[in-house]
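Participant: Chain residues, written in single-letter form:
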Amino acid sequence: MEKKLILAIETSCDETSAAVIENGQTILSNIVASQIKSHQRFGGVVPEIASRHHVEQITLIIEEALEKADVSYDELDAVAVTEGPGLVGALLIGVNAAKAIAFAHDLPLIAVNHIKGHIFANQLVTPLEFPLLSLVVSGGHTELLYMASEDSYEIVGETRDDAAGEAYDKIGRVLGVPYPGGKHIDQMAHEGKDTYEFPRAMIQDDNFDFSFSGLKSSFINTVHNAKQKNEEINANDLAASFQAAVIDVLVDKTIRAAKEKNVRQLILAGGVAANKGLRTALEKAVSEELTDVELLIPPLELCGDNAAMIGAAAYVQLKNNNYADFSLNGRPGLSV
Amino acid sequence: MRILAIDTSNQLMSVALLDDDRLIIERTVNVKRNHSIQLMPAIEEMMKEAEWRPKDLTRIVVAKGPGSYTGVRIGVTVAKTLAFSLDIELVGVSSLEVLAANGAQIEGSYCIPLFDARRGNIYTGLYQYQDNTLVQVEKDTHISAEQWAKYLKQLDGPLQLLGEDRLKHMELFEEECGERLIELPSSRHFARASVLAERGKNREPENKHVFEPEYLKLAEAEQNWMEAHPDFKQGGGWIEKL
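Those protein sequence lines, which keep their order, are chains W and D.
Take the first sequence: its position 46, counted from the start at 1, is 46 in the working numbering, and no numbers get skipped.
Take the second sequence: its position 226, counted from the start at 1, is 1226 in the working numbering, and no numbers get skipped.
Chain W on its own, in the form it takes in the complex (with noise of 0.2 Å):
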């Protein structure tokens, strides 16, 4: 097989970061610079600053991907960037950054969208089969996502309200754990139980989307009205008992949707793919239920935002010669 080699840069949120990936799945480098220890000093993901972030290190972290690879632009076939979703400001950094590096060395530019690169974080590991069902949940997006082949996408089930990760950050607010919240509240409900019963929205419904601001309204009240009470919280069951109901959710749709759609592999992708409790319960699941199909879930550092699984995605495009033009704009509402 032809080497193609692809130079991505991922920048939609907190992340800067740039990779070289060789034919869509082998990492030569993937740098990820993250400004979560800037963000926390507000509480979350200030856009105007991660703006500003991107701009001081986007050339510094490409250079670090090119060099670690030990790639010169001229073995280069692509440079493929994020256009969305995400921050628009954030996102603008990296499009006009492989613009520029585009239009200097006469290579074609590919915009990738962002949710099609956790997905495909997964081919960096495993080849992908289809047909394939992917659970995409993270900060900003919780989606059950179908495909057929590889540059088919169709939205099997979404969020109706919150994403999941947003939940998850908002009642680590509450909670007063640091930001972001869901990894905390991950750690805690492995020392609590399940004992406050939250609801579990939506889970009998016949459909598959989700609904999260039902439960964080219930795990609020929970808290206030304890403390207006002056009665003891038990923060770690209080943590277990909200991640019990999110994983219920999560875990109850995207078997059932995994059954009707009858496919070869389900797929966890997204920043929440790194909570344990997650990915245990579905394994679990998997394990039990669906026992012909393989389930992916990406390792630790592919989980979060990275410009690898971006190179990734870019591959696909780039073998269907689906290249953006200079007018490229960052889309932060973009979907699949």
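Derived from the structure by calculation, the hints contain no laboratory data.
Where hints are given, some of them may not hold.
As the list claims (entries may be wrong) - Listed next, the in silico EDC-like pairs over lysine to aspartate or glutamate satisfying Cα-Cα at most 16 Å (straight line):
| # | chain 1 | residue 1 | chain 2 | residue 2 |
| --- | --- | --- | --- | --- |
| 1 | W | 276 | W | 129 |
| 2 | W | 259 | W | 206 |
| 3 | W | 261 | W | 106 |
| 4 | W | 183 | W | 169 |
| 5 | W | 284 | W | 237 |
| 6 | D | 1153 | D | 1171 |
| 7 | D | 1241 | W | 301 |
| 8 | W | 193 | W | 237 |
| 9 | D | 1241 | W | 63 |
| 10 | D | 1055 | W | 74 |
| 11 | W | 4 | W | 48 |
| 12 | D | 1201 | D | 1089 |
| 13 | D | 1241 | W | 64 |
| 14 | W | 276 | W | 231 |
| 15 | W | 37 | D | 1222 |
| 16 | D | 1048 | W | 106 |
| 17 | D | 1217 | W | 48 |
| 18 | W | 276 | W | 191 |
| 19 | D | 1055 | W | 106 |
| 20 | D | 1150 | D | 1171 |
| 21 | W | 193 | W | 248 |
| 22 | W | 284 | W | 294 |
| 23 | W | 37 | D | 1240 |
| 24 | W | 4 | W | 64 |
| 25 | D | 1168 | D | 1204 |
| 26 | W | 4 | W | 70 |
| 27 | D | 1048 | D | 1019 |
Once you have looked at the hints, place chain D on chain W.
Facilitator: Positioned in the frame of chain W, the structure of chain D alone reads:
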């Protein structure tokens, strides 16, 4: 020296190609459009027209701010990435200085460029032509228009306000500085990338990797955080490699 000069720091976008002192092409567009969509196609088209290849460029000069945060970042990102990946020189010039250079060379007169910064504030600076050379008298600053007008009042000599945004604050300046204001021809109020290139052609090149916009203002969240943590001293350190 083949220079590409880029100014996207405000609504106006200006891009120019110069061969030493000779202007080859300049394109200035002053309509409300998206710089992210417009800038690279403009550069590509102009380079084609000039029959230059990217590798022919020897220096990029960019207006580094102040101005619209997003606008400045687009220009700076394209400029620093081009310079880095072509391994050529990068120079940043104050966006206000570019406008100040449009001033008339009247001995003892001040050139005062200004951009509106909303809520009664402006980005401005104080420049002067001395022996045919533009000199910066006061650092570029973010200040209330009212305060700036009072400051200008106590200076000697004629005052040239530069930039379209002066009109938004004219009443204030007329009240404080009255007959000392000189109204320049309309063409002087628009930043030109050819002027930017001229300002930047002899300057020491920047360190490309650490080059960043001159915002003149912290992000609001950062400002609030600094006020709440007066004893905190940290030179960066917010970014962590994973």
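Participant: Please go over all the hints and tell whether each is borne out by the structure.
Facilitator: Results for each hint:
no. : hint            : in the structure
1   : W:276 - W:129   : 25 Å, violated
2   : W:259 - W:206   : 14 Å, holds
3   : W:261 - W:106   : 42 Å, violated
4   : W:183 - W:169   : 9 Å, holds
5   : W:284 - W:237   : 22 Å, violated
6   : D:1153 - D:1171 : 14 Å, holds
7   : D:1241 - W:301  : 12 Å, holds
8   : W:193 - W:237   : 5 Å, holds
9   : D:1241 - W:63   : 14 Å, holds
10  : D:1055 - W:74   : 13 Å, holds
11  : W:4 - W:48      : 36 Å, violated
12  : D:1201 - D:1089 : 10 Å, holds
13  : D:1241 - W:64   : 11 Å, holds
14  : W:276 - W:231   : 30 Å, violated
15  : W:37 - D:1222   : 13 Å, holds
16  : D:1048 - W:106  : 13 Å, holds
17  : D:1217 - W:48   : 12 Å, holds
18  : W:276 - W:191   : 13 Å, holds
19  : D:1055 - W:106  : 10 Å, holds
20  : D:1150 - D:1171 : 13 Å, holds
21  : W:193 - W:248   : 14 Å, holds
22  : W:284 - W:294   : 12 Å, holds
23  : W:37 - D:1240   : 8 Å, holds
24  : W:4 - W:64      : 20 Å, violated
25  : D:1168 - D:1204 : 36 Å, violated
26  : W:4 - W:70      : 14 Å, holds
27  : D:1048 - D:1019 : 15 Å, holds
Checked against the numbered hints above, the structure violates hints 1, 3, 5, 11, 14, 24, 25; every other hint is satisfied.
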